[in-house]
Amino acid sequence: MLDEELKADLQKRGIFVASMEDLYNWGRKNSLWPLQFGLACCAIEMIATAAARFDMARFGAEVFRPSPRQADMMIIAGTVTKKMAPLVVRLYNQMPEPKYVIAMGACAISGGPFKEGYNVLKGIDRYIPVDVVIPGCPPRPEALLEGLIKLQEKIQGQRLFGPHRARHADTGNAADYPVPAYGAHDLEPALNPQIFQPDPPRRDGE
Amino acid sequence: MTGVLEAIKAAIPSAGVEFLKNPSPCSQDSLVVAANDARVVAEFLRDSLGFDFCSNVSGVDWPARKVKVTVLEKETVEGVETEVKETIEREVPGYLEVVYHLFSIAKKSGPLVLRVRTGDRDRDVSIPSLTPVWKGADFQEREVFDLYGVRFDGHPDLRRLLMWDEFADHPMRKDYVAPDDFEYEPTPHDEILVKVKAITEAA
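Quick note, the sequences are listed as chains A and B, same order.
With the working numbering, the residue at position 77 of the first sequence is 77, and numbering never jumps.
With the working numbering, the residue at position 32 of the second sequence is 238, and numbering never jumps.
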C-alpha cells in the first residue's frame, strides 16, 4: 500500500498515484443505478430526490432501472408487507453483483409503526443484507442523499483483494439469499438466521 | 330513509327489510336486508330509486354477546296481579355483517346504508354478492372476504385481496390471534410495555 504522506508529496509535484482499487471504486461509486421500485410513502420522497429540485443525478445515481438485472442498488422505500417480502428478496437475487441495499424509513428498517401488526415484516434485514439504513418517517430527500453519500463512502472503502475483501469480491459467497415461503400465519422461515440474529428482550438502558 | 323503506315494501312486499335506528348523534340510520332478498332489493334500489353508486363496502364482526333486556312480567302476589319490570340477560348469537354505503349521483342523494347479515360466524357465512349490481363492490367484497371470511355467492372472482392465498385465518375478526412473534423494541408502550415487563421479570 502506498504511504498517504508520500502520496500527498507526489501530488504536490504533479504526480498522481492511485491504486487499482481506488480507481475502480471511484468509478462505480459515482455511477450507481438504483432499482426503480417503491413500496409506500417513502417512495414519494425517493421520487422527489430523483426529480429536479433535489436531483440525485448530482451524485451519479439518477438512472432508475425498471429491471433488477440492470440495477446495482436497491432502495427499499417503504413498508415491506409479508406478502411483498418474498418478491423483494427475489428481486434482490436477480440483481447482478456488486449490489447494495439502502433501507429507507422506519418501516423498511424495523416495521416502524406497523411492527406489532400481523402483516408487516419487521425489517427487510431479516432476509437480505442492508448496507445503509436511513431513519425517518418518511426521511426527507436530504436524508436519502446523505444515505447515498454514506453508501458511496462505503463503496470507496471496499477492498477487492485480501482477507477483508468485499462480499461480492469473494467468489465463495452465495450470490442469492433464500426466498421465504408463504405460511399459514407468517412467512417461513420468519428470518434468515445466517444474516439476522434478533436481540433478546432486555430492559431499557441495559 | 323511511321513504326508501316504504318504496321497497311497496315494490317487493315479500322482501325482508327492517329499519335500524342509529341512536348516536350522527343518526345515520340503516336498513337491514335479509340475505336472501339482498340481490332483489339492490337491483330495485339501483334501477328504480337511482342508487347508482356503491361507495363503500365494510365488514363488521359481531361475536356472540349477552344483552340485558328489560321485560314486563306479570306476577301474582297474594292473589293480586301486578306488572313487574325484570332485567334478563339474553344471549345474542354472533354473526358477520356487511355494510354497503350507497349514493345516488343522479339524484344527488345519499348515503343509504344497507346491512346484510350472515347466519353465524362459522358455517353459514354466505351472503349474495352485490358485485353484479354495482361493479365497484368487486375489490371491496374481496377485502371483506379476506379479512372477515364472508363468502359472497355469485362474486366473479372471490380471492383474497390483501393477505396471501395460503393465509389460514381472517385477521380482522375479533377472536383472531396474531402469531406470537414479539420482539423487543426500544420504545415499549401500552400492551407491549406489559409484555416486556413480564419477559424481563421472568428472565
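Since the hints were derived computationally from the structure, they do not count as laboratory data.
Hints are supplied without guarantee of correctness; some may be wrong.
[What the hints assert, rightly or not] Taking lysine-lysine pairs in the BS3-like style, the calculated list, with each CA pair at most 27 angstroms apart, reads:
| # | chain 1 | residue 1 | chain 2 | residue 2 |
| --- | --- | --- | --- | --- |
| 1 | A | Lys115 | B | Lys380 |
| 2 | A | Lys83 | B | Lys403 |
| 3 | B | Lys403 | A | Lys115 |
[To be verified] Label pairs and their computed distance ranges (CB to CB):
| # | chain 1 | residue 1 | chain 2 | residue 2 | range |
| --- | --- | --- | --- | --- | --- |
| 4 | B | Lys403 | A | Glu5 | 40 to 48 angstroms |
| 5 | A | Val63 | B | Ala384 | 38 to 46 angstroms |
| 6 | B | Ala312 | A | Cys41 | 35 to 43 angstroms |
| 7 | A | Lys7 | B | Ala384 | 54 to 62 angstroms |
For each residue, glycine too, the CB sits at the ideal point set by N, CA and C.
Results for each hint:
{"no.": "1", "hint": "Lys115(A) with Lys380(B)", "verdict": "20 angstroms, holds"}
{"no.": "2", "hint": "Lys83(A) with Lys403(B)", "verdict": "31 angstroms, violated"}
{"no.": "3", "hint": "Lys403(B) with Lys115(A)", "verdict": "18 angstroms, holds"}
{"no.": "4", "hint": "Lys403(B) with Glu5(A): 40 to 48 angstroms", "verdict": "57 angstroms, violated"}
{"no.": "5", "hint": "Val63(A) with Ala384(B): 38 to 46 angstroms", "verdict": "41 angstroms, holds"}
{"no.": "6", "hint": "Ala312(B) with Cys41(A): 35 to 43 angstroms", "verdict": "36 angstroms, holds"}
{"no.": "7", "hint": "Lys7(A) with Ala384(B): 54 to 62 angstroms", "verdict": "58 angstroms, holds"}
When held up to the earlier numbered hints, the structure conflicts with 2, 4 and fits the remainder.
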